[in-house]
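Q: Line by line, the protein sequences give chains A and B. Reading the first sequence from the start, the letters are residues 1356 to 1517 in my numbering. Reading the second sequence from the start, the letters are residues 50 to 628 in my numbering.
Honestly, the hints are just simulated from the structure, not real lab data. Computed from a prediction, not measured in an experiment: that's the story for all the values here. Heads up, a few of these hints could be off.
Stated by the list, open to error - Pairs of lysine to aspartate or glutamate residues, derived as EDC-like cross-links and limited to a Cα-Cα distance of at most 16 Å, are as follows:
(1) K375(B) / D1408(A)
(2) K1427(A) / E1365(A)
(3) K1367(A) / E202(B)
(4) K1397(A) / E316(B)
(5) K353(B) / E617(B)
(6) K208(B) / D78(B)
(7) K584(B) / E436(B)
(8) K375(B) / D1386(A)
(9) K201(B) / E287(B)
(10) K362(B) / D337(B)
(11) K257(B) / E393(B)
(12) K590(B) / D495(B)
(13) K1367(A) / D347(B)
(14) K423(B) / E600(B)
(15) K396(B) / E287(B)
(16) K375(B) / E1365(A)
(17) K1367(A) / E287(B)
(18) K295(B) / E264(B)
(19) K1421(A) / E436(B)
(20) K375(B) / D347(B)
(21) K1417(A) / D369(B)
(22) K242(B) / E202(B)
(23) K242(B) / E82(B)
(24) K399(B) / E600(B)
(25) K584(B) / D369(B)
(26) K414(B) / E316(B)
(27) K396(B) / E264(B)
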Amino acid sequence: MKHIISALVENKPGVLAQVAGMFAARAFNIDSLVVGRTEDPKLSRMTIVVVGDDRVVEQVRKQLAKVVPVVKVQDFAGEPVVARDLMLISISAPPEKRPEILSLIEMFKGKVVDIGPKFIMVEVSGPEAKIEAFINACKPYGIKNVARTGTIAMPRQAKTEP
Amino acid sequence: MMSKPHSSADSAASTDQSSIKTGAQIIVDTLIEQGVDTIFGYPGGVVLPLFDRLYDAPINFIIPRHEQGACHMADAYARASGKVGVVVATSGPGACNLVTGLATANMDSVPVVALTGQVRTELIGNDAFQEADTTGVTRPVTKYNCIVKDVKELARLIKEAFYIASTGRPGPVLIDLPVDIQVNKTSTDVSAKLELPGYRVRTKGHAKQISIAAEAINKSKQPVLYVGGGVISANASEELRALAQKANLPVTTTLLGLGSYDQSRPESLDMLGMHGTAYANYAVQECDLLIAVGARFDDRVTGKLETFAPNAKIIHIDIDPASISKNVHVDIPVVGDAKLILAELVKEVKPHPRKRWFSKIAEWKEKFPLRYDKDSSTVKPQYVIEELCRQTKGRAIITTGVGQNQMWAAQFYRFSIPRQLISSGGLGTMGYGLPAAVGAQVARPDATVIDIDGDHSFNMTMTELRTAVEHKLPIKVCILNNGYMGMVRQWQELFYNKRYSKSYLSNPDYATVARALGAVGETCERPADVPKVIKAMLAEKRPCVVDFRIEREENVWPMVAAGKSLNEMDGLDILERLI
């Protein structure tokens, strides 16, 4: 099962290596890992998507908490969360195909961020499943490049989507 | 014209000049403030500023022949004294040579602080002379490490290193010190506060969990206490004794737990695991409650996990939350300091005779004691150790190599005092015994320190004998010399059809080597000579090496082969035939 683990870490050199190294040394599999600053300049947030059974993920959580510069660890499994990926995707878009590609982008609430003679670059964000669905939908036109952030997440206050 | 803003640099400059120190001075002052009076280390280019400050510092400095030796010495110093061991090395090769020692300390949870030199800050990443990515290399084998980038942070980082190394589940911490940091000056005072928002240690056990554990103990008909090195590092032996004796609990220990409980007590089951006693292994397999304290369910202890203690509810008392349910599912976890938790537990447990359980254990003890052939015409390693134990009244500090020598030492020396056995358990580092004896003797100058070693273990670090000679450390080295890597050979005999592939080397004459290095060297080839050779060795005031030419193909029994259950021991029939 996929678990989204959120770790608040000290914002200092070497922390990413310590966390990534722990994962490698203990043979835990990382699906994605995102690091970014927070509102506190001393802290960064790592959002790590891990695949494993409950016992493995429990170990991941504990071993992560043991890494000295890791301040707080949360496993969002079983909690209502907002989880989002961001993707930039470059799609082959010859002029005759553009209307249908644009309506596809519209359906996915994507945004065209660059247009060239042969390709258009689109920005899409959302839950991972939506990103995957958009990639699949674009495949028939030809995909040149994909760049994805990996998942970031935050627990919801409200228990249902607004 | 704008007025110059009042900067913090100005206020720093205005402070008393006498409080301005170089990084090297800050390091030495902080070490002394942390109570350090002994350092093991080896100089080199980029630690010269630090070594210059150490030239007239009030610190006992032990120089090994190899940085690996220094690291093992610092580790054994820590194990023998309960203090933090300190090791210093230069950059590149010096730091890389610490790796085995750090990994050894890390696996066995030993508090060590390593200080390594590093090339000048602006050269880092340029493949400079003697540059290695030390924090990168040592990260997986330390509890924590960091590189100092600003001399103002130096005092704080060193204090944090000592705090992290010695609290919680102890372990090695490395601080990498670029040479310019050692030279730069700052007025930052040494009283800097720790900044460790991510480091918390839970010491007090959860009261409710302790009550649940006590209730389980009170209800249990067939309990076993399974004790690891954590009880020794928590200085909790007295609390352990009180618990075992009040509640009437049989006690088995891991290799690193030896010394935490007096083995002469009737409730002692001695060591469990791969080469543990049959009575300990049977008791664990048949117990209805296993109370693990400061132990981590290592594969050498549990054997096949699926069939380990199959009928037991498991209580696990440990300071490291990540140890709980890592290998074996735990029913009643209690996270915290073993000393505090055991003291609470003692109050809540009730006396319980458990007559049937103890009579069953007595039967196993009667039927399957550890044995060896006492009528042999060759020197039996077990005999050497029994004789050592007898003549030292079981009170010597024992260090070991790794392999058969280590297992025989664990089986045949009778331990009763915490910090008495100093052995590389988790990592199994051959070559540990001799430098460990040096470190232990430095920590305990008045103790009898004996390295029970194997010939091939001794080969790996024997150069450190000269360190003992130079520092007048009267360590005793007993080489159980069978001319083989004995445990490798034993496995090849049992599992590889006696194909002794590369498991022997030609050895030097150790007595001659010892004498060349300035120590006393003896050889013992006949069983009849063992007592007097040991007597002479123990009377010797100089470092002393005795080369015991032992039975070449002696095996360690019993043995739980890798992947077998604890009750599936090989060699019990061989032991029974020895009656």
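Q: Now tell me if each hint is right for this structure.
A: Going down the list of hints, with the structure as the test:
no.: 1; hint: K375(B) / D1408(A); verdict: holds, 13 Å
no.: 2; hint: K1427(A) / E1365(A); verdict: holds, 10 Å
no.: 3; hint: K1367(A) / E202(B); verdict: holds, 13 Å
no.: 4; hint: K1397(A) / E316(B); verdict: violated, 53 Å
no.: 5; hint: K353(B) / E617(B); verdict: holds, 10 Å
no.: 6; hint: K208(B) / D78(B); verdict: holds, 11 Å
no.: 7; hint: K584(B) / E436(B); verdict: holds, 10 Å
no.: 8; hint: K375(B) / D1386(A); verdict: violated, 22 Å
no.: 9; hint: K201(B) / E287(B); verdict: violated, 43 Å
no.: 10; hint: K362(B) / D337(B); verdict: holds, 6 Å
no.: 11; hint: K257(B) / E393(B); verdict: holds, 11 Å
no.: 12; hint: K590(B) / D495(B); verdict: holds, 11 Å
no.: 13; hint: K1367(A) / D347(B); verdict: violated, 34 Å
no.: 14; hint: K423(B) / E600(B); verdict: holds, 12 Å
no.: 15; hint: K396(B) / E287(B); verdict: holds, 14 Å
no.: 16; hint: K375(B) / E1365(A); verdict: violated, 26 Å
no.: 17; hint: K1367(A) / E287(B); verdict: violated, 42 Å
no.: 18; hint: K295(B) / E264(B); verdict: holds, 14 Å
no.: 19; hint: K1421(A) / E436(B); verdict: violated, 44 Å
no.: 20; hint: K375(B) / D347(B); verdict: holds, 10 Å
no.: 21; hint: K1417(A) / D369(B); verdict: holds, 9 Å
no.: 22; hint: K242(B) / E202(B); verdict: holds, 10 Å
no.: 23; hint: K242(B) / E82(B); verdict: holds, 14 Å
no.: 24; hint: K399(B) / E600(B); verdict: violated, 49 Å
no.: 25; hint: K584(B) / D369(B); verdict: violated, 43 Å
no.: 26; hint: K414(B) / E316(B); verdict: holds, 11 Å
no.: 27; hint: K396(B) / E264(B); verdict: holds, 12 Å
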